[in-house]
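Q: Sequence:
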Amino acid sequence: MKEKIHPNYKDSTIVCACGETIHTRSTKPNVRVEICSRCHPFFSGKHKFMDSAGRVDKFMKKYGDKKKDKA
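Everything in the sequence shown is counted per my numbering, starting at 1 for the first residue and increasing by one.
Because the hints were derived from the structure by calculation, they are not lab data.
Certain hints may be false.
Lysine to any residue pairs mimicking SDA-like chemistry, simulated, CA-CA at most 25 Å apart [unchecked claim]: (1) Lys28 x Glu3; (2) Lys28 x Phe59; (3) Lys10 x Cys36; (4) Lys2 x Ser26; (5) Lys4 x Pro29; (6) Lys10 x Ser26; (7) Lys10 x Thr24; (8) Lys4 x Ala17; (9) Lys28 x His40; (10) Lys28 x Cys39; (11) Lys10 x Lys28; (12) Lys2 x Cys39; (13) Lys61 x Val31; (14) Lys28 x His6; (15) Lys28 x Asp57; (16) Lys4 x Thr27; (17) Lys28 x Gly54; (18) Lys10 x His23; (19) Lys10 x Pro41; (20) Lys2 x His23; (21) Lys10 x Glu34; (22) Lys4 x Glu34.
Ranges of calculated distance between the beta carbons of each label pair, as one might list FRET restraints [to be verified]: (23) His23 x Met1: 38 to 48 Å; (24) Asp65 x Thr13: 15 to 25 Å; (25) Lys28 x Lys58: 27 to 37 Å; (26) Arg32 x His6: 19 to 29 Å; (27) Glu34 x Val56: 24 to 34 Å; (28) Lys62 x Val33: 33 to 43 Å; (29) Val56 x Pro29: 44 to 54 Å.
Cβ atoms here follow ideal geometry from the backbone N, Cα and C, with glycine treated the same way.
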């Protein structure tokens, strides 16, 4: 490995707006974020998939389950 080209990693603390604290290593000693995996709706399970235009139903009507049609 080449000398003097790699960043200097040190212990770092990541603090989310929700209060979650994560300890890791980074080039910055402290990092503040607005959203983390604990409070993000997609990762916390509160995310809801909405099909407002009916695209899924339209797709299923057009292509459907081909195995059911053949049986």
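Q: Hint by hint, note whether the structure agrees.
A: Checked hints:
1. Lys28 x Glu3: Distance of about 21 Å is within 25 Å: holds.
2. Lys28 x Phe59: 48 Å, violated
3. Lys10 x Cys36: 21 Å, holds
4. Lys2 x Ser26: 20 Å, holds
5. Lys4 x Pro29: 20 Å, holds
6. Lys10 x Ser26: Since the Cα atoms of lysine 10 and serine 26 sit roughly 6 Å apart, the hinted pair holds (cutoff 25 Å).
7. Lys10 x Thr24: 9 Å, holds
8. Lys4 x Ala17: Given pair lysine 4, alanine 17 is violated - Cα atoms ~35 Å apart, limit 25 Å.
9. Lys28 x His40: With a Cα-Cα distance of about 23 Å, the restraint between lysine 28 and histidine 40 holds, given a limit of 25 Å.
10. Lys28 x Cys39: Status holds; Cα separation ~23 Å.
11. Lys10 x Lys28: Given that 25 Å is the threshold and the Cα spacing comes to 8 Å, the pair holds.
12. Lys2 x Cys39: Cα-Cα ~40 Å, so violated.
13. Lys61 x Val31: 48 Å, violated
14. Lys28 x His6: 14 Å, holds
15. Lys28 x Asp57: Since the Cα atoms of lysine 28 and aspartate 57 sit roughly 48 Å apart, the hinted pair is violated (cutoff 25 Å).
16. Lys4 x Thr27: Distance ~14 Å between lysine 4 and threonine 27 Cα, so the pair holds.
17. Lys28 x Gly54: The given pair, whose Cα atoms are some 46 Å apart, is violated under the 25 Å limit.
18. Lys10 x His23: 11 Å, holds
19. Lys10 x Pro41: Distance of about 31 Å is beyond 25 Å: violated.
20. Lys2 x His23: With Cα atoms ~28 Å apart, lysine 2 and histidine 23 exceed 25 Å; violated.
21. Lys10 x Glu34: Satisfied, since the Cα-Cα distance of roughly 22 Å is no more than 25 Å.
22. Lys4 x Glu34: Violated, because 33 Å separates the two Cα atoms, which is more than 25 Å.
23. His23 x Met1: 38 to 48 Å: 26 Å Cβ-Cβ, so the 38 to 48 Å window is violated.
24. Asp65 x Thr13: 15 to 25 Å: Because 50 Å falls outside the window, the suggested range is violated.
25. Lys28 x Lys58: 27 to 37 Å: 47 Å, violated
26. Arg32 x His6: 19 to 29 Å: 25 Å, holds
27. Glu34 x Val56: 24 to 34 Å: 31 Å, holds
28. Lys62 x Val33: 33 to 43 Å: Cβ of lysine 62 to Cβ of valine 33: about 42 Å, so the range 33 to 43 Å holds.
29. Val56 x Pro29: 44 to 54 Å: 47 Å, holds
Violated hints for the displayed structure, listed by number in ascending order: 2, 8, 12, 13, 15, 17, 19, 20, 22, 23, 24, 25.
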